[in-house]
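2 protein chains.
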Amino acid sequence: MTAELRLDGSLSTGTSALRVGVDVGGTKTDAVAVDGGGEVLGQLRLPTGFGADAVLASTVEAVSGLASQLSVDPRDFSSLGVGIPGSVDSGTGRVTHAVNLGLEGLELGAELTARLGVSAHVENDVNAAALGAYHLLAGARQSHSMAYLNLGTGLAAGLVLGGELWRGSRGNAGEIGHIPVDPSGPLCPCGQRGCLETLASGSAVTRQWPTDHPRPAQALFEAALAGDESAVEVWERLLVNVASAVRILVLTVDVDLVVIGGGISSLGTPLLGGVRSALDRWASSSPFLASLDLSGRVELVPPGFPAAAVGAALVGAADGTGHRWPR
Amino acid sequence: MTAELRLDGSLSTGTSALRVGVDVGGTKTDAVAVDGGGEVLGQLRLPTGFGADAVLASTVEAVSGLASQLSVDPRDFSSLGVGIPGSVDSGTGRVTHAVNLGLEGLELGAELTARLGVSAHVENDVNAAALGAYHLLAGARQSHSMAYLNLGTGLAAGLVLGGELWRGSRGNAGEIGHIPVDPSGPLCPCGQRGCLETLASGSAVTRQWPTDHPRPAQALFEAALAGDESAVEVWERLLVNVASAVRILVLTVDVDLVVIGGGISSLGTPLLGGVRSALDRWASSSPFLASLDLSGRVELVPPGFPAAAVGAALVGAADGTGHRWPR
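From first to last, the protein sequence lines are chains A and B.
Following our numbering, the numbering of the first sequence begins with 691 at its first residue and continues without gaps.
Following our numbering, the numbering of the second sequence begins with 691 at its first residue and continues without gaps.
Please note: incorrect hints may appear among the correct ones.
[What the hints assert, rightly or not] Facing chain B, according to a computed beta carbon distance under 8 Å, are these residues of chain A, among others: (1) 808; (2) 834; (3) 977; (4) 982.
Hints were generated in silico from the structure; no laboratory data involved.
Where is the CB? At the ideal position from N, CA and C, for every residue including glycine.
All chains, full assembly: derive it from the sequences and hints.
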């Protein structure tokens, strides 16, 4: 990287702090470059490949494309972080399983480091998004703890405690989708009954409200708005159980902020308003809950913000965000 | 403290590290002195007074009595920590409410510091016990995260994450007793329905199984063992819902260890075995739960170990155990 290719003044800390984050989703791969302060300087989207070779190729292509967009060499990036929808060992960069990507036992971190010449870190995508959302939203609220509640096909959370990612003792922190909340609820693929995920997730919506609409939760909301009784019932169940997830997160960890993201969060105001209403309803009959101000702690990820990619870039930072035990 | 009054060789780090911890319970006050390594060097029990003056007097008496037992002056203690069953501001030492002790808005830390001439810290008793149990049990297991699950009149947890107490953003971490787990469960005094505390706590036992026995849970267990059908039902409900609490703690925070304490934990093996059986039953029909090894993570506080007093002594340590935000 030569002098005339330097980025503009916004990159105050110099190119040594230029980091890349890649969010490898089931169908698309989002990549961003951020500066030392976490500002997004470049962004790129590609289709995701399936299987180890294709995922590696599309990730390398995303990083190279971003480098070329910014007129730098990939090796000029100070770090690369990758968010993966699956089970990963963030210490070694190994992907244990990522069913939707066709990955099993892939040394993704080592492979990417070798191919791109930049130190690569791998993180679960919900954890990465938690860090991205924390970076974007927590500062303004002076919050030091946050849960990111991902409403995708499933339901899971990522925790940022005291400004650091809390992965848990075995990497399973935030698996609240499999907490049963109704003994007479539906059977969950996990083998339990009435798990939160069976009531408040993309799969819960499509099971209860089958549709050809590309955005089933949007179709459900519109039908409920039009007065379809069955849709109203499923919609209300969704809201109440997202509210349940918020209550579980606050009562267990007492995070200052719960940020809702994932596909269903693109519903925007109707979702946020509905969840807050459910929380306020509970508070009106429980002084204890009222004292916790649950509804005041809930936010949505701003539409279009690439939380997981930005968070992946931050995970990949050399300062080692996130606890690694023993420390 | 003069040379001839020095303690024996077990106090290897010197008297500067001699700390006192006091657990102010509803009926009794337990005090311990610990050395720099957390070893208990002295122990004392007194009845607890009711109201600000009486609580202050019995706490001062406990600390003075312990000093005299160890032939030191109270001012020779390097720190004093006090565990209180109520809402406390651990930063300032103020007790906001402690209903069972008759305290409201008491500057307990400042008052004790003034009266005893030793720096006093105040902590919620469940948090203090969490730190005490962590100190005793986590090291041997090389655990860096633990939840202490207190089964007293109510149900609440304390969290130690990465070796430090996690109090939450507003001091409410671990309030899992008020997570509803059954929409058709009993009405809770908190205003919600089917809270964990209404199904798995001392008050849950006495509501469902009224008895004059001084240890109602023991009476319940004995009746269940003798084949009383109604007792069997209440006993099973207790076990299953303690298991639910363990599941909530592990799925949300992924603590490596869940240590059960509080009055009900004195039941010992029947309680631990019953909770582990419930967890194993769930695991047998859920590969996901089986992979988490919930039953392998559960332990009991050893009988007679003064977890809250020892933890209070550690909270009071000058090295500032526990997160205080912003840091």
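| Taking each numbered hint in turn, which are not upheld by the structure, reported in ascending numerical order? | Hint 1 contradicted; others consistent.
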